[in-house]
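A.B. asks: First to last, the protein sequences are chains A and B. Converting from the first sequence to my numbering requires adding 3 to each position, the first position being numbered 1. Converting from the second sequence to my numbering requires adding 107 to each position, the first position being numbered 1.
Possibly wrong hints are sitting among the right ones.
Claimed, not checked - Okay, the calculated bits of chain A under chain B, using three or more residues with CB under 8 Å as the criterion: (1) 308-314; (2) 328-342; (3) 351-359.
Said to hold, decoys possible - If you want a taste of the chain B side facing chain A, the calculated C-beta under 10 Å gives, among others: (4) Glu110; (5) Arg132; (6) Val136; (7) Leu140; (8) Met146; (9) His154.
No lab work stands behind these hints: they were computed from the structure. All residues carry an ideal CB built from backbone N, CA and C; glycine is no exception.
Spelled out from the first residue to the last, the chains are:
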Amino acid sequence: MDTQQLSTEAVAQGIATGQFTASEVLAAYMQRIETTDAKVNAFTTPCFERAVQEAKAIDQRRTRGDTLPPLAGVPYAVKNLYDIQGTVTLAGSTVNQTNPPAQADAFLVQQMQAVGAVLVGALNMDEFAYGFTTENTHYGPSHNPHDLSRIAGGSSGGSGAAVAARQVPLSLGSDTNGSIRVPASLCGVWGLKPTFGRLSRRGTYPFVHSIDHLGPFADSLQGLGLAYDALQGVDAYDPGCHAKRVEPVSSNLHHGLHGLRIGVLDGYFHDFATAPARQVVQDAAHVLGVTQTVSWPEAAMARAAAFIITASEGGQLHLDHLRTQADAMEPLSVDRFIAGALQPAAWYVQAQRFRRIYREKVNVLFEDWDVLLAPATPVSAPTIGTEWLDLNGQQLPSRAAMGLLTQPISFAGCPVVVAPMWPNGTEGMPIGVQVIAAPWREEAAFRVAHVLSQSGAAGLKKVGF
Amino acid sequence: MTEQETLAFVLASSKALGIPLEAERAARVAAHLHRTVAMAQMLEGAHLTPADEPAEIFCPKSH
């Protein structure tokens with residue numbers, strides 16, 4: 004069984020129809036992990052024993068004649084900031100290694116288990132999610148499966164790389180400023196950052212309480228929708244979970260573009276994109292028949308506000324670590340955590356006050372539009388260790404600049420599907436397109452992404468190993 | 108705020124928060140904070156009125 008020939012829905016359907024068993028599927032994916040992860044370094048904590056038990060349980064249900072749930076037997080893995088019962092939640096750090104094991108699975112892991120998905124392990128990330136590159140000094144960098152010398156993106160780099168390498172059909176990550184969308188873009192896989200407050204974050208290690216989102220990666224747009232539908236659920240125990248009902252998208256994917264007003268973001272999102280990043284948006288617009296451009300309000304200011312809030316909340320959250328264990332923290336981010344902790348309160352309050360008026364401006368924009376397109380990253384994946392990028396006539400720190408085009412969007416809380424596309428001039432490397440909808444309109448983003456998927460313009464490509 | 112003033116701020120405020128900083132780290136932290144000064148100054152240009160409250164998460168009662 005070649006996992007590069009499979010997809011989420013093919014696995015689910017094959018198991019449901021008896022074409023193969025969940026145990027056979029799991030064996031194929033575990034073998035794939037064992038033979039490729041020395042190259043990719045996506046996994047930090049496999050949990051194969053648990054996976055074998057979960058797969059056996061699915062096979063027993065099928066043998067009994069039970070109707071199987073939608074993701075029965077589909078293997079998946081989670082960023083290692085998700086709680087897995089009996090496992091220490093590392094969040095990319097070593098200072099967490101002495102914490103007690105999690106007593107329960109994260110809410111979203113429970114949701115995945117409820118629809119029959121099989122958890123195979125935890126994945127690499129930037130320490131405490133403060134980064135866009137997964138160049139983790141403690142556990143090693145995750146490598147981009149399409150060119151092992153390049154970054155996978157971050158902070159959910161293991162989640163993007165594991166799907167791109169076909170080690171799993173699905174994975175879960177988190178996104179505060181772009182940490183799902185950046186690795187999805189750089190690894191060439193589908194990713195979803197839902198509306199802020201859509202999915203419960205309970206049982207995950209936080210980074211920035213007021214901006215943290217969780218979401219899935221997938222090897223197909225249909226798989227992304229199945230995972231998103233499974234993850235939804237009202238949770239009164241996450242103060243940031245504002246969802247009042249489950250709103251599935253999978254049954255609406257094929258509804259087409261009728262009634263959707265779609266535009267391409269210009270200005271900031273054009274200026275900070277290189278030619279290949281602009282090309283993928285043009286290609287998507289061409290497929291969708293889109294010609295109009297749109298200006299996003301206050302993008303640069305929103306990025307600044309997101310940066311300040313992130314640094315301030317992140318620094319405050321880790322104050323005890325910074326006081327007592329700074330030398331044991333990630334060298335690439337510990338100084339930024341300290342700088343964030345020291346920021347004047349007036350900066351933080353100003354940023355939070357700005358966020359409120361910014362939200363209103365974005366909502367006004369979506370009175371005239373349903374879906375907007377922008378590149379997910381300014382460039383394709385840089386080589387591991389890259390320090391600087393030349394963008395828009397400026398030399399910018401590479402690790403921070405990878406989130407230039409994602410930060411203004413998540414700061415408004417809008418849902419985004421990242422469609423993996425393959426421009427010219429990048430030596431075969433992908434760049435994703437952000438398919439952005441108004442808050443709580445995930446279904447619109449999925450409908451547009453489905454057209455991109457069906458046209459063949461967006462989708463995964465095989466890796467060379 | 109000049110680079111020297113930023114460094115002085117870092118040394119004073121880190122002491123207030125109880126974060127020990129040796130000289131090399133203090134300089135790196137100051138460099139990061141100095142870059143953020145430009146962002147904070149940009150945000151000062153946002154047209155906020157006294158009625159513009161911070162964005163909220165807190166809710167006094169779950170619903």
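A.B. asks: It remains to establish, for every hint, whether it holds in the given structure.
C.D. replies: We went through each hint and held it up to the structure:
1. 308-314: holds (count 4)
2. 328-342: Per the Cβ count (5), the hint holds.
3. 351-359: holds (count 8)
4. Glu110: Violated, because the Cβ-Cβ distance from Glu110(B) to chain A comes to roughly 13 Å (cut-off 10 Å).
5. Arg132: 6 Å, holds
6. Val136: 5 Å, holds
7. Leu140: 4 Å, holds
8. Met146: 4 Å, holds
9. His154: With a closest approach of 8 Å, the His154(B) hint holds.
Going through the hint list in order, the structure does not satisfy hint 4, though it satisfies all others.
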